Amino acid sequence: MPISKLGRPFFALAVLAALIALPPVADAMGQPALTSMAARILIYGIAAASLNIVLGYGGMVSFGHAAFFGVGGYVVGILYAHHASGDPLFGFIPGSNQLLVTLPAAILVSGLAALVIGALSLRTSGVQFIMITLAFAQMLFFLFVSLKTYGGDDGLIIRRANEAPWLNMRDKQTVYYVCLAIAVAFFALLWRFVNSRFANVLMGLRQSERRMAAIGLPAYRYKLAAFVISGMGAGLAGALMANFLRFASPDMLHWTKSGELMVMVILGGVGTLFGPLAGAAVYIILESVLASWTEYWQLGVGIILLFVVLYTHGGVQALALRLAGRRP
Amino acid sequence: MTLFLEQLLNGLQFGVMLFLMAAGLTLIFGIMGIINLAHGSIYMVGAYAGALVITETDSFLLGIPAALVVAAIVGILMEVTVIRRLYRRDHLDQVLATFAIILILNQAITILFGRQPLFAAMPAGLGGSIELLPGLIYPVYRLAIIVVGLSVAAGLYLLINRTRIGMLVRAGSTNRDMVRALGVDIRMLYTIVFGLGALLAGLAGLMAGPILAVQVGMGEQILITTFVVVVIGGVGSIKGAFYASLIIGVVDTLLRAYLPGLLRQFMVGSEADALGAGVSSMGIYLLMALVLLARPKGLFVADS
Chain X
1 MPISKLGRPF FALAVLAALI ALPPVADAMG QPALTSMAAR ILIYGIAAAS LNIVLGYGGM
61 VSFGHAAFFG VGGYVVGILY AHHASGDPLF GFIPGSNQLL VTLPAAILVS GLAALVIGAL
121 SLRTSGVQFI MITLAFAQML FFLFVSLKTY GGDDGLIIRR ANEAPWLNMR DKQTVYYVCL
181 AIAVAFFALL WRFVNSRFAN VLMGLRQSER RMAAIGLPAY RYKLAAFVIS GMGAGLAGAL
241 MANFLRFASP DMLHWTKSGE LMVMVILGGV GTLFGPLAGA AVYIILESVL ASWTEYWQLG
301 VGIILLFVVL YTHGGVQALA LRLAGRRP
Chain U
329 MTLFLEQLLN GLQFGVMLFL MAAGLTLIFG IMGIINLAHG SIYMVGAYAG ALVITETDSF
389 LLGIPAALVV AAIVGILMEV TVIRRLYRRD HLDQVLATFA IILILNQAIT ILFGRQPLFA
449 AMPAGLGGSI ELLPGLIYPV YRLAIIVVGL SVAAGLYLLI NRTRIGMLVR AGSTNRDMVR
509 ALGVDIRMLY TIVFGLGALL AGLAGLMAGP ILAVQVGMGE QILITTFVVV VIGGVGSIKG
569 AFYASLIIGV VDTLLRAYLP GLLRQFMVGS EADALGAGVS SMGIYLLMAL VLLARPKGLF
629 VADS
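Protein chains in written order, with the working numbering: chain X, 1 to 328; chain U, 329 to 632.
Any given hint might turn out to be false.
[Claimed, not checked] Counterexamples of contact, computed for chain X against chain U with all Cβ distances above 10 Å:
#1 Asp87
#2 Pro94
#3 Asn97
#4 Leu147
#5 Arg221
#6 Val301
[What the hints assert, rightly or not] If we take Cβ atoms under 7 Å as the criterion, some of the chain X residues that face chain U in the derived model are:
#7 Thr124
#8 Val127
#9 Met131
#10 Ala135
#11 Leu143
#12 Arg246
#13 Ile266
#14 Leu299
#15 Leu305
#16 Leu306
#17 Val309
#18 Leu310
[Said to hold, decoys possible] Part of the chain X face toward chain U, derived, beta carbon under 7 Å:
#19 Ile20
#20 Leu120
#21 Arg123
#22 Ser125
#23 Gln128
#24 Phe142
#25 Gly259
#26 Gly302
Keep in mind that the hints were calculated from the coordinates and are not lab data.
These figures come from a predicted structure and were not determined experimentally.
Each residue gets a CB set at the ideal place from its N, CA and C atoms; glycine is no exception.
Generate coordinates for the entire structure from the input sequences, incorporating the hints supplied.
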C-alpha cells in the first residue's frame, strides 16, 4: 500500500470538499463549463466503477456495458415522454417525471437487462464473452434505433430534467449537486461491496474459477449476481446522464461508448475503488483538451491509450506511483 | 420465387465476405490467442487502398494487388509493433490496445481522405448482369464475389490441411508451447498467420468497394457481425466460421428483405418499415442467443 492507510480517507475528503466547492468557484472564475464537466466526470465515474465490478474484481471483460448505460437513460426518457403525453406505457404503466421514481425504475430495468444478457453471456467465458456482450449491446442499439416512437436515430429529447422534492432541478448547479450526492452514496456502497465477502468470492473467481468451485461455491450464480449489480450501476449512471443532458439517444449504447468506459477503467487502474473515477476524469479532461486543439482528438486518445496499455501496467495511478519512485 | 433466389444469392455473397473476415479473426485467435478488434480496420484500409488505386488508374486489376499488399503490410506492421507485445497479456489489454488501433487508424484515414465516402468503379466486364435461370437476372460482380469467396475457402482448406505451413498452424492451435519446444520459429509463424488474416480482410475490403460506400466506420460494422459469426461457428474453428458465415449472411439478408413486408400485414407502412429494419438488424443476435442456449461453445466445436 504506497499511500498510507491514513492518507487515503483524507485525500478522498479533500477531493470531496473540492467537488462541493466547485460550482461557486467555477462561476466566480467565469468558467461555469467546469461544473458540467465535473458532472460528466461523476456520472461516467459511476458507470466506469460499475463496469469495474465485473472487469476488475470479477475478471469478466464485458464489452457491452454501454447497453445498460443507454437503457438507464432511455427509461428516464421514455417515462418522461409518457408523462408529457399522458398516455401510459404499454397501456398500464403511467409515465413519470419524478426523479425518485425514474432512478429506481432505471436501475431496475437495466438490472433486468443485465440479468438476461448476463445469463446468456456467462454461459461462455474468455474471448467469446467479450464478443457476445459486444453483440448483445449492438442488438439493443439497433432496437432503440428502430423505435421511431421514441425518436429512433435522432434520440429522445427530455424537455425538463426530472423533478425531485424540495429541489429546483431546472438549475444546472442543483443537478450537479444531485449527481455529486448520488456519486458519494454510490461510492460509499461500492466501498462496502469491495470489502464484502461477496467481493472476495468474486476476486477468487477471477484468480481461479476451478478452485472456487472446488470449495463449493456456485461460480455462475456469483458471476451473474455481480454482472447484474454492475448493470444496475451503469443504468443509474445512464439515468443521471439523461437528466443532465435532457436527452437520451442510441449513441449512449454505441459500442464505442462501451469502449470508452473500458478505457476509463484501465486509465484509472483496473480493480481499484476510485481508479475508474480518476480514469473518467483523465479521459474527459483529455478529450476536452485534445478536442480544443484539433478535430482529430481521437488520434491522440488512441496513441495515449496504446501507450498506457503497453507500458504502464496498471493505469495512470500506477504510472504516477512509479514515476514517484515507488513500486505499485 | 426468382426474388427469393436472388435474395438467397445476396445472402451467399454477404456470407462469403463475412467468411473472409471470420477466417482471419478465428485463425488469429486460434493460433495466437489474440482477440483482434482492429481486424475491421484492416478491412477498411484494404478497401481504401483498393478504391484509391482503382479511381486513380481506372483499372480494377491494379487495385487488387494494391489492396492486398497494403492490407498485408498494415497487418504485419501491426503485429510487429503492437500485437507481439500482447501475446502474454490478458484479453482486457488486447481489447484495449486493438481498440486504440481502431481509433488511430480511423482518424488517420479521416485525415488522409476526409469524411466523404469513396466509391470504387466496378471492374470492366463484370458490370453487367446475366440471366442465371429464366427470369433470374443477377449482377455478374456479385457472382464473382461468391466465386472468389468460395475459392478462397477451398484454398484455405488445402493450405491448412495439405501444406507444411498448415500443419504448423494446426499444431500451433492445439499446443503452442509444444510447437515452440520442437524448434519451430513460432514468432515467424505468428507473423505469417497475422499477415494472412490481414490479406483476407484486405480482399474482403477490396471486393466491398464497388458495392458499398468506402468510409470510416465500415470496418467496425462488419467486425461486430463477424464476431457473431465466430461465436456461432465456434472460436478457433475455420470450418465453423465457414458454415456460420453462410448462415448469418443468408439469415440477415432474408430478414432484411422479407420482414418489413411481413410486418406490413399487421401495421402501418412506415412503422412496419422502421420496426422491420430494427428487428431484422437484431435477428442475427437473437440467433446467436439461441445457439448459445443450445451449444455454448458454438455449433462446430465439440463440447468438452
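Numbered hints the structure breaks, given as an ascending list: Hints 4, 6, 12, 19 and 22 not satisfied by this model.
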